[in-house]
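Asks: Listed below are the residues making up each chain.
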Amino acid sequence: MNTGLSLLVLVTTALIVAVISSPSLVTRRSGKVLAFVALFLLPSLITGMGFVLHLEHAKSTDFCLSCHVMEPYGTSLHFDDLSYLVADHYQNNLVPREQACYTCHTQYTMFGDVQAKLGGLKHVWVYYTGQTPETLELYQPYQNRECLHCHGASRSFVEGELHVDLLDDMRSNEVSCLECHEQVHDAANAASHAIWTHPDQDRR
Amino acid sequence: MTRDSSTDPSSDVRSHLSRAGVLIVLGLLVEASTLFSAHPTAFLVFAGAGAGLVVLGIAVYFWAVLRAQPVPVDR
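Protein sequence lines, in the order shown, are assigned to chains A and B.
Heads up: the first sequence begins at 1 in the working numbering, then just goes up one per residue.
Heads up: the second sequence begins at 1 in the working numbering, then just goes up one per residue.
Pulled out of the complex, with its shape left as it was, chain A reads as follows:
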């Protein structure tokens, strides 16, 4: 946990104990201000900071894969077959490994971050209320925008032999990147794939 936040919780608790253990304190103007700070301002601040920290945690790959239904998607990150988009991106560090899911599944728009987090809250709700569907699907078709956020300006994209004639169509999302790069997760058959482990992991 954040050290600053821990200290803030301790200070707030001490102030609250002081306020409620000596009620005469709040008869003075300074005491009333102290009570307002201890019983409203600081708890509100801590709760807000806690929300922000939890939402940051929610970006982590571990967070996404902690739900049982996501396990096959996590397995696909380790497929020993780089023709799978997720395996290639994860194993070759094309996305930060600790935020692999979030990096590709957030929306790169003005409020995309907020929408991704609201979507995450919806996932949590669906999971805990037992409404998880048999087959997981995205809420809306995957947008090229998310791929082009990183690849859009890259030489391999703008000069790619098969890309050149389709650049405008891909930028306008009329042709999906996934029409050609169609091997993504294969979660349904994740258990049948060979798994790649990093050599450093074997040495530990």
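Heads up, a few of these hints could be off.
Claimed, not checked - Stretches of chain B that chain A covers, calculated by requiring three or more beta carbons in the stretch to come under 8 Å of a beta carbon on chain A:
(1) 22-36
(2) 41-51
(3) 57-66
Just so you know, these hints were derived from the structure itself, not from any lab.
Glycine included, each C-beta is placed from N, C-alpha and C at the ideal position.
Since chain A is already given, all that's left is putting chain B on it; use the hints.
Replies: Structure of chain B alone, referenced to chain A:
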């Protein structure tokens, strides 16, 4: 001797302040304990129990403030 601006909180207000304090401290402890984990359950406990207790405590505090009536100090 009387002091116009000085008031003692009534026992009702005092008990409300105590309740508010206890609720908020409990809520903060729950919130703090969940921040050690990056798991959806931790977030649910944070939002449902921790933040819930804090909001309830703050509501009780404001209720106590709104209900507070000035009580003259003993002469």
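Asks: Run every hint past the structure and note whether it holds.
Replies: Results for each hint:
no., hint, verdict
1, 22-36, "holds (count 11)"
2, 41-51, "holds (count 7)"
3, 57-66, "holds (count 4)"
Every hint from the earlier list agrees with this structure, and none is contradicted.
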